[in-house]
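Here the protein sequences come in this chain order: A and B.
Per my numbering, residue 1 is the first one in the first sequence, and the count goes up by one each step.
Per my numbering, residue 1001 is the first one in the second sequence, and the count goes up by one each step.
Just so you know, the hints here were simulated from the structure itself, not pulled from any lab data.
We put the CB at the ideal spot given by N, CA and C, even for glycine.
Keep in mind that a hint or two might mislead.
Each pair of labels, with its calculated beta carbon distance range [stated by the list, open to error]:
1. A:Asn-256 to B:Arg-1183: 27 to 33 Å
2. A:Ser-14 to B:Glu-1072: 49 to 55 Å
3. A:Ser-14 to B:Arg-1163: 55 to 61 Å
4. B:Ser-1132 to A:Arg-160: 20 to 26 Å
5. B:Gly-1208 to A:Glu-145: 50 to 56 Å
6. A:Asp-135 to B:Glu-1162: 57 to 63 Å
7. A:Lys-111 to B:Gly-1118: 44 to 50 Å
8. B:Tyr-1073 to A:Ser-14: 31 to 37 Å
9. A:Leu-33 to B:Arg-1196: 50 to 56 Å
10. B:Gln-1038 to A:Glu-161: 34 to 40 Å
11. B:Asn-1097 to A:Asp-137: 39 to 45 Å
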Amino acid sequence: MLKVRVIPTLLWRSFGLVKGVGFDSWRRVGSVLPAIKVYNQRDVDELVLVDIDAHRSVKPPDYETFGEFGSECFVPLTIGGGIRCVEQVGFFLRNGADKVSVNTAAYDNPKLISEIAKLYGTQCVVASVDVRGTDGDGRWICFSEAGKRDTGRDVVSWVRELEGRGAGEILITSIERDGTMQGYDLDLVAAVSAAVSIPVIASGGAGNYQHMIDAVQQAGASSVAAASMFHFTEQTPAEAKKSMATVGIPVRQSFNN
Amino acid sequence: MKVGVIDYGVGNLGSVARALEEVGATPIRVDRSVDLHQVETMVLPGVGSFLQCKKILDQDGWSQAIRDEVDEYCKPLLGICLGMQLLADWGEEGLENGAQTPGLGFVPGRVVSLRKLGCAARLPHVGWNSISPRLENYLLKGVPKGTDFYFVHSYGFLLQSERECVATTQYGVEIAAVVNHGRVWGTQFHPEKSSRAGLKVLNNFVWGPEC
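Next comes chain A alone, as it looks inside the complex (with noise of 0.2 Å):
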């Protein structure tokens, strides 16, 4: 049986990993590869690792820095921020990323992703998005430029598009819930999980176990992610993934041998 998976999301940020609020009052929390020898010690899931300068960068991403967090890591890593480019893609998997993810230059150019999934694979793509919501009308808007831009795209139609074009899965993070602890907008999950038939990460607000659970049984979430609760708090991936067995929610038993 296929199980959900609990994916740690780092943000890194000129030398150092960091977590805001809202996309904003960014806090350092220590160093990358720490960070990823402790989760690979602890035998995460997978992990997700983004840039979230490198879209305002006119230089390439240092592909020797990845190449080191890469080696450190036996569990599928996804490596994000400032992707334009088919090359590139290249060059991250060649340096021990097994896929990446895509954000602001999908909006700009979205032939991009079916270029990834033509030679890479649909499977290589995980096409994200940071969305927040209307006043009143229950919809939700994308932005680009880690939360900057308003691109003016509704979630839902650029979702099944990005899908279309050969997404292999949406990681999708309310702006509003992202840093806050107070839970992710199941509503928003709901209606991106309903809208395509690709797997949907959940992302932003996670504060504990329970929201995790609800991400999965109320909004249908085939994964979740969550940075502020794993840094700032005593949870851990382990323990949140005990907390969803005892719900009946299928996850992955550590193999020791």
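For chain A, the structure is supplied; the task is to place chain B on it using the hints.
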């Protein structure tokens, strides 16, 4: 043990080489088919589409070189994910109307979309899924039934005979997870990304039945 990681321009080469190192092997990225003869055993990774990858394997002389090493020099070969699917006789991915591309032909069978196999769940099949061994095989030595491995794929290997099916997984339909024919193995999951369980499988492959 010199393990050649076949570098034909696609795939998560870094992860595969790093995991082989971790089990005590000496991974060698082989990027020219003429150099394949230098290694003792071979790993064929792969991501992307069957058609695309097979084209590269044919154009750059890999298909023949791999066949020579397996058939004439008895070297073991492990295909991972799409690398496993490429071991089949035929694959339909990348072509319209169910047209098929010939594979490497090491393991009798063909590769079809999981939808066509009857899977109604979300695709791709991505994440950790448990396997059930069907045959005794040293590749899975020390790996109990129900162990989770990391899968990510939308196509499945439809084996011609049960005799080649070492283990399966369930995702709406039963999917071949490990195949074997002679000295050729394939895993639909990614052992290099399946944490300790995956390293155990790679260790078994590299060091053989006596390990």
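Verification of the supplied hints:
1. A:Asn-256 to B:Arg-1183: 27 to 33 Å: holds (30 Å)
2. A:Ser-14 to B:Glu-1072: 49 to 55 Å: holds (54 Å)
3. A:Ser-14 to B:Arg-1163: 55 to 61 Å: Since the Cβ atoms of Ser-14 of chain A and Arg-1163 of chain B sit about 56 Å apart, the hinted range of 55 to 61 Å holds.
4. B:Ser-1132 to A:Arg-160: 20 to 26 Å: This hint is violated: roughly 36 Å between Cβ atoms.
5. B:Gly-1208 to A:Glu-145: 50 to 56 Å: With Cβ atoms ~52 Å apart, the hint holds.
6. A:Asp-135 to B:Glu-1162: 57 to 63 Å: holds (60 Å)
7. A:Lys-111 to B:Gly-1118: 44 to 50 Å: violated (32 Å)
8. B:Tyr-1073 to A:Ser-14: 31 to 37 Å: For Ser-14 of chain A against Tyr-1073 of chain B, whose Cβ atoms are near 50 Å apart, the range 31 to 37 Å is violated.
9. A:Leu-33 to B:Arg-1196: 50 to 56 Å: violated (20 Å)
10. B:Gln-1038 to A:Glu-161: 34 to 40 Å: violated (47 Å)
11. B:Asn-1097 to A:Asp-137: 39 to 45 Å: holds (43 Å)
The earlier numbered hints that this structure contradicts are 4, 7, 8, 9, 10.
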